[in-house]
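Take a look at the letters that make up each chain.
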Amino acid sequence: MTGTDFLYPFIEGDERDADALLDDLAASARAKAQESARLREETLERCASELAHTAMAMADGFRRGGRLFTFGNGGSATDARLAADRFRTVGRFSGGLPTLCLSDATAVVTALGNDVGFDLVYAREVEALGRAGDIALGCSTSGGSHNVLRAFAVAHAKGMVTVGLAGYGGGAMADCRDLDHCLFVRSQSVHRIQETQAALLGHLAARVRDDLERDGAR
Amino acid sequence: MNALDTTSPPLSVGGDLANDLAITALELARRIAVGATLWCVAPAAPAHAAHLAVEFLHPVIMGKRAVPAVALEGPATRTALRAAARPGDVLVLLGSVREPELHALARRAAPWGLTTLWFVTDADTDIDADADAVAVPVAADHVLRAREGTDPWVDLVLAYHLLWELTHVVFEHPGLLQPSAAAASEVCVTCADEGRVAEVQQLADDEASVRCGGVTESVATGLVDDLVAGELVLVHAGVAIARIDEAS
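Protein chains in written order, with our numbering: chain A, 17 to 234; chain B, 116 to 363.
Keep in mind that the hints are not guaranteed to be accurate.
Said to hold, decoys possible - Incomplete in silico selection of chain B near chain A, CB under 7 Å:
id, residue
1, ALA140
2, VAL269
3, HIS288
Hints listed in this document are in silico derivations from the structure and should not be mistaken for laboratory results. Note that this is a predicted model, so its numbers are computed, not measured. Note that the Cβ used here is the ideal one computed from N, Cα and C, for glycine as well.
Using the sequences provided together with the hints, build the complete structure.
Here's what the structure looks like:
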């Protein structure tokens, strides 16, 4: 060992004992899970009022025959798909609520991306499919995905209800005039943001279900 | 984990998820370091498989390595896996122990030369209360119980995010990415893939039924002379390629 080796104990790549690393990894996993839970709790508390308003507006949309269109990019595209599934299959409305994930349409997304540009893929889909009274729900961990923001603009112009989920304190979505409702997470970790967004979407779906079921009970 | 560790029970059922994730991340990083592709399958919620694949293939954190990862869905999943996955690759299953196709894939993974991780989405109590009706995923090399909280969606996303994060921590420890000396000697000399340890049960001509990863399978034994029942062999792609000397 030379004088500075203690600063870089494994710089030669000769680390062989995995036990210490395994302990660190497990501790790190616990800490991250704890942070995830804390962020979820903080966000659900801060967003309680906005969540209630959003759920009310969405339930109202469904009640009037509106359909839900979800979209996002990458991990947010899969979240959008899970959101569409979640809303479609809540409670007694199982199989009933009309939802569609725009990110799933590979042929359409690649055709539009290739022919008119990726920024317009969801805007064009919303333009083609959306009607006044429908709901547009877009996810973007940065809050700044251009194709999501462009879709909100089209949806808003058509008289649809617009709902945005974002991280990074909301990003561009926080000031987006095309958005009726914005649920955002105060974090800069994409992973923690997505976990909290999943929780927000879960709560949103549950509230919409409760709202619609109250109707049914009357 | 190295090839020899598979002689111990592969299950970490009932273990702490954080510890299981740590062990799994180390193994996963080692597999990736030697060229493994991740094959992600979640029949009941394919979006989770897609999420996991894009996470590894296109990391959200700049500078992190891109890992080959593919999500498969639909009726051709099994056929596509059989045709496209290569020995040494990793099969990542996400879903309930009540999904028969997941068991079918986990069972086939070993014969195909794949290491299996299974994110089990059932609450522990679901399984315990219904033990008779539920086949515990014995064929999976790593079982991660991804159900700790109240929302299965959140729990699962958190669990695979953590696996991604821990795996990338392991990449920062290049010395630990090497298989141990014991495992290195068990590598197939023709293709450099690791084999799996199996116990010989019955012998017939040039074939043997062996117990491997908790399941019984048939392997060709032409490459290994004078096997007897009870011996351990290294199995690679359905062929017993070497006897493992348990005395050393």
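Results of checking the hints against the structure:
1. ALA140: holds, 6 Å
2. VAL269: At about 5 Å, which falls below the 7 Å cut-off, the nearest Cβ of chain A leaves the hint on VAL269 (chain B) intact, so it holds.
3. HIS288: The hint holds - HIS288 (chain B) has a Cβ within 7 Å of chain A, the shortest such distance being about 5 Å.
Of the numbered hints listed earlier, not one is contradicted by the structure.
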